[in-house]
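Trainee: Required output: the full structure, derived from the provided sequences and hints.
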Amino acid sequence: MISDPDEFRTVILSYDSLGALVFIMFQVLQILIAIIPGEVVQIAGGYIYGAPLATLLLLTGAVIGSSIAFGLARLMGYSLVKKLISQEKLESFAELITSRKGYITIFVLFFIPGLPKDIMTYIGGLTPVRPLHFIAIAVLARTPALFISTFIGENIQERDYSTAIIFSAAAVVVFIVGWLYRNKILQWLQNLSRVRQKDK
Numbered sequence: 001m002i003s004d005p006d007e008f009r010t011v012i013l014s015y016d017s018l019g020a021l022v023f024i025m026f027q028v029l030q031i032l033i034a035i036i037p038g039e040v041v042q043i044a045g046g047y048i049y050g051a052p053l054a055t056l057l058l059l060t061g062a063v064i065g066s067s068i069a070f071g072l073a074r075l076m077g078y079s080l081v082k083k084l085i086s087q088e089k090l091e092s093f094a095e096l097i098t099s100r101k102g103y104i105t106i107f108v109l110f111f112i113p114g115l116p117k118d119i120m121t122y123i124g125g126l127t128p129v130r131p132l133h134f135i136a137i138a139v140l141a142r143t144p145a146l147f148i149s150t151f152i153g154e155n156i157q158e159r160d161y162s163t164a165i166i167f168s169a170a171a172v173v174v175f176i177v178g179w180l181y182r183n184k185i186l187q188w189l190q191n192l193s194r195v196r197q198k199d200k
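So in the working numbering, the last spot in the sequence shown is 200, and the numbers never skip.
All clues given are correct.
No more than 20 Å apart at the CA atoms, straight line, and that leaves these computed lysine to any residue pairs for SDA-like:
hint, residue 1, residue 2
1, Lys184, Phe107
2, Lys89, Arg74
3, Lys117, Lys184
4, Lys184, Glu88
5, Lys117, Tyr181
These are computed hints drawn from the structure, not numbers from a lab.
Mentor: Shown next as C-alpha cells:
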C-alpha cells in the first residue's frame with residue numbers, strides 16, 4: 001500500500017481530519033519496527049501533504065516513535081535490545097554515545113544516510129544519556145533528509161518528474177557514499193571518543 005502513493009493517499013485521506021494522525025502513526029511504526037522503509041513513508045507524505053506539512057508530521061512521529069523506543073529500552077533493558085543487535089555492536093555504540101563527544105556521535109549517526117539510525121534509539125535507552133537531549137539531537141539530525149524525501153514526493157504529485165529524479169538520484173548517491181564509508185565514519189567517531197577520553 002505504502003509503495004503506491006495514490007493508494008496510500010486514498011487511505012490516509014479517507015480518515016478525513018484524522019488522516020494526519022494516521023500518517024503520524026505510520027511514522028511511529030516505521031521507527032519502532034523498522035520493517036517499513038522510512039524513505040517510502042516520507043516520499044508518500046510529501047505526495048499527500050506537500051513538503052512543509054509532511055516534514056512537520058514526520059518530525060512529530062519521529063519524536064513520538066523515538067520516545068517510545070527509548071522508553072521501551074529503559075524499561076525492558078538488554079533483554080529487548082539483544083534481539084535487535086549483537087552484543088559486540090551494542091557495546092561499541094553504547095560506548096560512543098556515552099563518550100564526552102556522545103552528542104556529536106548521535107548527530108552524525110542520525111544525519112548521514114547509510115548509517116544505523118532506528119536501532120540507535122533502543123541502544124540510547126540503555127545508556128545514562130538524558131532522553132530529552134538524545135531525542136532532540138536525533139530528530140534535528142533527521143530533519144534535512146526528511147525534508148528532501150518529502151520534497152521528492154511533492155514534486156511527484158505535481159508531476160515535476162525532472163526535479164524529483166534529480167533529487168532522488170542525489171539522495172541515492174549520498175546514501176551509497178554513507179553506506180560505503182560507514183565503517184570509516186564509525187572508526188573516526190571511535191577515535192574521536194578515545195582522544196577525548198584521554199584528555200580527561
